[in-house]
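From first to last, the protein sequence lines stand for chains A, B and C.
Using this note's numbering, the first residue of the first sequence is number 4, and each one after it goes up by one.
Using this note's numbering, the first residue of the second sequence is number 20, and each one after it goes up by one.
Using this note's numbering, the first residue of the third sequence is number 118, and each one after it goes up by one.
To be clear, the hints were calculated from the coordinates, so they are not data collected in a lab.
Treat the hints loosely; a few may be bogus.
Unchecked claim - In silico EDC-like links for lysine to aspartate or glutamate, alpha-carbon gap of 16 Å or less:
| hint | chain 1 | residue 1 | chain 2 | residue 2 |
| --- | --- | --- | --- | --- |
| 1 | B | Lys132 | A | Glu9 |
| 2 | A | Lys40 | C | Glu153 |
| 3 | A | Lys139 | C | Glu173 |
| 4 | B | Lys142 | A | Asp172 |
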Amino acid sequence: MNAAYEFVTGPLAWIAWGIFLLGSAWRLISMYQLAKKKDASSWAFLDLGFSLRSIVNWLIPFNALGWRKNPLLTVTTFAFHVCLVAVPVFLMAHVALWTEFFGLSYATLPDNVADIMTLVVLAACLVFAGRRLTQKDVAYITTGKDWLALAIVALPFLTGFLAYHQVFDYQIMLIAHIVAGEIMLAAIPFTRLSHMVFAAFTRAYMGSEFGGVRHARDW
Amino acid sequence: MRRILPLLILAALTLVAAQALAQESITKLAPEAFGKFQRPPALFAHDKHNEKAKLDECVVCHHGGADGKQDKSASTEGTPCADCHKVKPAGKATGLQRAYHKQCIDCHRAKGKGPLACGQCHKR
Amino acid sequence: MGITERLIEDAGLRRGVSLLTPEKIEKTIVAVLQGETGARLKTYAETCMRCGMCAEACHFALSHPGDPSYTPAGKVHQTMSVLLDKKGRVDPDFIYGMAQLAYTECNLCRRCVHLCPIGIDTAYIMSTVRRICHKLGCTPQYMQDTAHSHASTFNQMWVKDDEWTDSLMWQEDEAREEFPGLRIPLDKEGADIYYSVIAPEPKFRTQLIYQAAAIMHMAGVDWTMPAQTGWDNSDMCMFSGDFEVMGRLKRQHFESAQKLKVKRIVMGECGHAFRSVYDVGNRWLGWRWHPVPVIHAVEFYWELIQEGKIKLAKKFPGPVTIQDPCNIVRGRGLQQKLREVTRFLVEGDIIEMHPNMEHNFCCAAGGGVINCGPPFKNVRVEGNAVKAEQLKATGVKTIITPCHNCHGGLHDIIHHHKLGMDLKFLSDIIYECMEKPEA
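Start from the sequences and build out the full structure, keeping to the hints where you can.
Here it is, written out as structure tokens:
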């Protein structure tokens with residue numbers, strides 16, 4: 004089992020991070036080149052100030068019309084995204100690994116807080132899934148890609164939660180957790196999760212058009 | 020549920036059995052310096068470990084040193100780890116948690132034996 | 118649920134589809150997707166999380182509760198998503214439904230932008246679908262007729278060159294009885310203002326030209342209208358997907374203003390034409406901004422009022438409500454100026470519709486939908502029940518809206534729902550209330 008653990012925390016981790024970082028960079032660069040080549044009449048209007056204006060206004064819960072019209076989703080998605088990023092980055096056990104492998108060390112979340120935040124992520128995934136199954140307008144547009152993205156995100160948290168509480172076989176669960184996390188990282192550039200890479204830019208573009216050309220709010 | 024049930028029972032039995040067997044001889048690494056523990060203290064049966072690992076020299080673990088540099092010639096057995104390794108270390112010194120993790124995991128990794136992952140030592 | 122269950126017979130769509138082959142379809146779709154789209158479409162298609170938040174945006178969706186095929190994402194799901202997934206390998210029947218949906222069930226109003234966290238521009242996606250339909254020759258017959266008119270005459274209504282100048286001289290003649298000395302100066306070089314209108318004005322709303330001339334005259338504006346083509350600022354080709362002709366139209370409009378060496382273009386009270394001139398045509402022609410500055414009538418009237426050039430003999434009796442035209446509100450942020458002008462003109466309250474301003478509901482006529490003609494009239498009237506409720510809730514008798522499409526759309530909604538409300542352009546009210554020379 005140690006060999007498996009060393010493999011998933013060693014070579015496989017390098018591969019996953021490599022796919023995530025290089026893949027994201029490649030997607031961004033090729034998208035940038037495509038935009039320069041094909042979307043010049045949009046690109047010309049990009050504006051940093053109006054981009055930030057739009058992004059900031061959409062980062063405030065219940066500020067944009069979209070958030071106000073969808074309260075359940077707003078609460079869910081803000082809680083989900085905050086926990087989704089904060090737990091993996093600031094979990095004590097993860098930081099201990101950064102220390103072990105690279106000597107890096109930084110602030111951590113208390114374990115009991117991280118535990119609750121993990122449950123928040125899982126609960127949010129249930130809300131998302133519930134909407135896809137029961138809400139007509141969401142069910143109508145749901146595709147396999149959307150379920151895949153949801154599963155890819157839910158699994159590392161589910162297995163992480165079980166491994167932390169040492170339910171079932173700890174070592175198997177931990178390895179499953181690490182592999183699930185690595186799948187998520189590697190999937191970011193190539194699935195619906197790529198909105199992590201692109202959303203800031205689509206928002207920025209809309210903000211620039213509405214700010215600089217149309218002189219109207221876009222939130 | 021039917022499929023998982025036997026597994027659950029098995030897991031529960033394994034846990035109980037493991038604890039019953041280990042009860043007598045275990046020692047935990049639970050220095051007071053940490054204050055309230057976030058995770059269960061690492062299990063460490065000193066004598067049994069050293070017997071199994073064929074460790075005769077105390078200095079292998081009970082090293083000396085300062086400013087983040089180990090001195091393998093000065094044996095410090097009898098001095099609690101926390102006396103030198105502070106929870107929040109100053110300067111280049113190694114912190115207490117890091118010292119434990121480094122001491123155990125690096126050796127296990129080098130020898131290819133012994134636990135590496137969190138929950139293998141921090142058992143619930 | 119979906120477009121296949123509500124197909125409407127249209128001669129233009131039927132004939133276009135009858136001439137299609139799978140090979141032609143695939144070739145055309147691939148050519149547009151690869152040749153004319155890029156990072157925008159790609160990121161929109163990929164990062165739409167299918168969250169369904171946009172369902173709350175669309176007046177079509179809100180007017181058909183329980184039918185998700187009218188939501189913005191639902192409409193993309195039935196059209197562009199399929200084209201991308203199947204790489205253009207779809208059959209002619211699919212094109213019929215796709216065209217009907219894109220031309221008649223989306224006003225390109227961009228309200229959904231306000232509900233999408235990622236900032237997806239569904240109007241752009243639907244415009245691209247329309248572009249493909251145009252290239253396949255599958256366009257609604259009525260809309261295509263206006264596009265043909267644009268291509269042959271540079272105006273939307275088959276107005277002949279002599280009819281245009283005739284109409285202007287006729288209005289000038291009429292107005293001189295009421296305003297002695299009034300002129301509609303044709304081709305006056307170096308004028309401050311170049312006034313352009315949409316072709317329906319000379320064709321059947323000539324009183325709007327009369328009113329504009331009266332306002333210009335009384336405000337002492339140095340203005341002109343072109344005697345040659347270029348005078349029509351409207352643009353159905355932008356909506357049909359015929360971007361080549363759109364480019365010709367916009368070039369003609371700007372160049373006719375440039376030839377007259379005017380300082381600015383003022384556009385009449387029309388929304389879609391403003392979108393075409395201000396936001397779309399210039400880009401197609403490769404101009405970041407306009408070679409001649411362009412302002413909408415609302416802003417022009419606002420300026421005249423600021424300068425004290427519009428003098429009222431009386432105020433218009435309120436209360437009134439305001440229908441915000443998408444293309445000058447979400448398209449140009451004129452909502453406050455529109456209210457300031459209205460407050461100047463009206464005695465009494467402005468009873469707001471909710472939502473309003475940038476968050477307004479479209480009239481369901483814009484985006485070329487009304488130009489798809491009688492076969493699709495009920496699509497937009499029944500598809501905008503929420504607007505009827507909004508209008509009814511204000512309890513007022515007069516609706517002010519500075520947009521031709523809003524007038525057309527609301528007129529039908531008012532009639533269908535028996536709301537008994539009047540529609541006014543700003544120029545209707547200014548003309549009615551302004552000081553006039555003693556007769």
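These are the hints, each one checked on the structure:
Straight-line distance between C-alpha atoms of B:Lys132 and A:Glu9 comes to about 12 Å, which keeps the hinted pair within the 16 Å bound. Distance check on the hinted pair: A:Lys40 and C:Glu153 sit about 10 Å apart at the alpha-carbon level, within 16 Å; holds. Among the hinted pairs, A:Lys139 with C:Glu173 is consistent with the structure: their alpha-carbon atoms are about 13 Å apart, no more than 16 Å. For the given pair, B:Lys142 sits about 12 Å from A:Asp172 by alpha-carbon distance, which is consistent with the 16 Å threshold.
Violation of the numbered hints given earlier is absent; every hint is satisfied by the structure.
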